[in-house]
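Chains as they are written, first to last, in the working numbering: chain A, 34 to 235; chain B, 59 to 270.
Hints are computed from structural coordinates only; laboratory data are not their basis. Here the structure is a predicted model, which is why all the values come from computation and not from measurement. Possibly wrong hints are sitting among the right ones.
A few chain A residues that don't get close to chain B, going by computed Cβ distances all over 10 Å [unchecked claim]: (1) A35; (2) P37; (3) A68; (4) E69; (5) T94; (6) R100; (7) A124; (8) Q230.
Simulated restraints on C-beta separations [claimed, not checked]: (9) V69(B) with N218(A): 12 to 22 Å; (10) Q233(A) with D68(B): 20 to 30 Å; (11) P54(A) with G232(B): 37 to 47 Å.
All C-beta atoms in this analysis are idealised placements derived from N, C-alpha and C, irrespective of residue type, glycine included.
Spelled out, the chains give:
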Amino acid sequence: MAGPTRGFLGRRRERDPRLPPGQYDAGRDWPVLTAEPTPRISPGTWSITVDGRVESPTTWTWDEAHRLPRSEYRGDIHCVTTWSKFDTWFAGVSVDTLLEAARPTPEAHFVVATSKTGYTTNLPLADVTGGKAWVVWEYDGGPLPVEHGGPVRLLVPHLYFWKSAKWVTRLTLLQRDQPGFWEQNGYHDRGDPWREQRYQGD
Amino acid sequence: MPRAVELRLDVADRVQHLAGQHYVVRLTAEDGYTAQRSYSVASAPGNPLVELFVERLDDGEVSTFLADVVEPGDRLEVRGPIGGWFVWDGERPALLVGGGTGVVPLVAMLRTARELGRGDLLRAAVSTRTLAELPYADELLEAGALVGTTREPHGVRPAGRLTAADLVPLWEPGQTAYVCGSAGFAEAASQLLVELGIPATDVRVERFGASG
Numbered sequence: 034m035a036g037p038t039r040g041f042l043g044r045r046r047e048r049d050p051r052l053p054p055g056q057y058d059a060g061r062d063w064p065v066l067t068a069e070p071t072p073r074i075s076p077g078t079w080s081i082t083v084d085g086r087v088e089s090p091t092t093w094t095w096d097e098a099h100r101l102p103r104s105e106y107r108g109d110i111h112c113v114t115t116w117s118k119f120d121t122w123f124a125g126v127s128v129d130t131l132l133e134a135a136r137p138t139p140e141a142h143f144v145v146a147t148s149k150t151g152y153t154t155n156l157p158l159a160d161v162t163g164g165k166a167w168v169v170w171e172y173d174g175g176p177l178p179v180e181h182g183g184p185v186r187l188l189v190p191h192l193y194f195w196k197s198a199k200w201v202t203r204l205t206l207l208q209r210d211q212p213g214f215w216e217q218n219g220y221h222d223r224g225d226p227w228r229e230q231r232y233q234g235d
Numbered sequence: 059m060p061r062a063v064e065l066r067l068d069v070a071d072r073v074q075h076l077a078g079q080h081y082v083v084r085l086t087a088e089d090g091y092t093a094q095r096s097y098s099v100a101s102a103p104g105n106p107l108v109e110l111f112v113e114r115l116d117d118g119e120v121s122t123f124l125a126d127v128v129e130p131g132d133r134l135e136v137r138g139p140i141g142g143w144f145v146w147d148g149e150r151p152a153l154l155v156g157g158g159t160g161v162v163p164l165v166a167m168l169r170t171a172r173e174l175g176r177g178d179l180l181r182a183a184v185s186t187r188t189l190a191e192l193p194y195a196d197e198l199l200e201a202g203a204l205v206g207t208t209r210e211p212h213g214v215r216p217a218g219r220l221t222a223a224d225l226v227p228l229w230e231p232g233q234t235a236y237v238c239g240s241a242g243f244a245e246a247a248s249q250l251l252v253e254l255g256i257p258a259t260d261v262r263v264e265r266f267g268a269s270g
């Protein structure tokens with residue numbers, strides 16, 4: 034850790050305790066960051082599959098997913114590019130509900146989420162179970178906008194937001210960790226904003 | 059107040075960057091408060107200094123400090139190079155499409171090509187409100203970039219956003235497209251490329267919002 038920067042006072046003296054280190058409050062904005070062109074996916078062609086190390090690989094269509102018990106998240110989200118957004122409201126289904134149906138085998142310890150675009154991100158299974166992760170299609174009471182991952186994205190709000198794969202279509206359970214897109218491109222494997230795990234080596 | 063500054067940093071024992079990568083600049087106050095932002099590298103890897111282009115945002119906590127307070131000789135905490143996706147390897151043909159300050163990583167690619175003597179590999183189209191507001195305008199024009207201006211005509215080209223007619227002549231099969239700019243620009247430009255028939259998997263996008 035370097036010492037103080039000459040002449041830097043910093044502006045935000047009253048720091049909101051909801052802000053993890055190095056983050057700022059984006060306020061009403063919701064910046065868009067993606068590495069690829071935004072795909073246009075109609076709900077009719079979307080589905081979500083849970084496969085890999087599970088007893089019964091399962092696929093839900095849009096309608097089938099909507100018949101699952103509704104689950105909501107109200108709280109904050111944090112992007113590795115240093116913005117945080119407070120008091121968001123998402124709705125969809127808990128990942129726990131999907132896993133209950135697919136039944137992970139004892140050797141399942143990790144998950145890779147895959148988007149319709151081919152984007153991938155990896156997570157420890159423990160980070161998507163126990164009420165910590167959702168597959169969501171609603172934001173603020175309306176359909177999730179396409180630039181924010183609509184019609185459906187993964188939501189893992191306790192980790193940096195690149196883990197919340199936009200346009201998610203598959204969750205594959207694995208025995209061993211398998212780095213995803215950003216994780217192969219210099220970013221941290223887990224991405225806990227409270228530990229500031231931004232890049233490899235943090 | 060300057061609209062932007064170019065910071066040239068002497069980074070000890072640095073890892074050579076690839077064109078398109080960025081650095082993080084982290085500022086620390088006396089009481090330990092920190093603020094950090096990412097800035098694209100504009101220089102080619104062969105340059106002994108690392109050049110960062112910083113647009114000064116009036117309400118930006120970090121960019122106002124870098125533009126108004128930092129003086130030659132100051133020490134800054136930096137981290138980099140970062141990013142393994144929006145990078146050009148110096149070997150493959152590429153189409154570069156940038157908007158506003160989004161041209162900065164593309165300038166690094168053009169400089170790298172010049173260093174390698176492989177200017178033939180790159181085609182570039184950039185969009186700016188006016189020529190005066192375009193970072194590295196002279197260099198972009200010299201490298202043969204198509205410059206579209208949205209608020210004034212430029213040469214025979216009327217004012218307006220980049221269109222398919224601008225990009226089609228620059229496109230060749232086998233190119234990777236690199237699109238960089240604001241979220242709105244990047245969205246429009248990347249959709250335009252996809253509509254032209256460029257496989258979405260060959261389009262790499264770097265979007266940024268004003269982040270101070």
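Hint check results:
The claim that A35(A) is not at the interface with chain B is violated, since a C-beta of that chain comes within 10 Å of its own (minimum 4 Å). Its closest Cβ contact with chain B, about 5 Å, brings P37(A) to no more than 10 Å, contrary to its assignment away from the interface. A cut-off of 10 Å between C-beta atoms contradicts the statement that A68(A) is not in contact with chain B; the least separation is 5 Å. Non-interface status of E69(A) relative to chain B is broken: a Cβ of that chain comes within 10 Å, the nearest being about 6 Å off.
Residue-level check passed: T94(A) sits 24 Å from the nearest beta carbon of chain B, beyond 10 Å. Consistency note on R100(A): stated as away from chain B, and its beta-carbon is indeed over 10 Å from all of that chain's, at 31 Å minimum. With a minimum CB-CB distance of about 24 Å to chain B, A124(A) clears the 10 Å threshold, and the non-interface call stands. For Q230(A), the condition that its CB be more than 10 Å from all CB atoms of chain B holds, with the nearest at approximately 14 Å.
The hint said 12 to 22 Å for the Cβ distance between V69(B) and N218(A), and at roughly 21 Å that hint holds. The beta-carbon spacing between Q233(A) and D68(B), approximately 25 Å, falls within the hinted interval of 20 to 30 Å. The supplied range of 37 to 47 Å is met by P54(A) and G232(B), whose beta-carbon atoms lie about 44 Å from each other.
In this structure, the hints that do not hold are numbers 1, 2, 3 and 4, in rising order.
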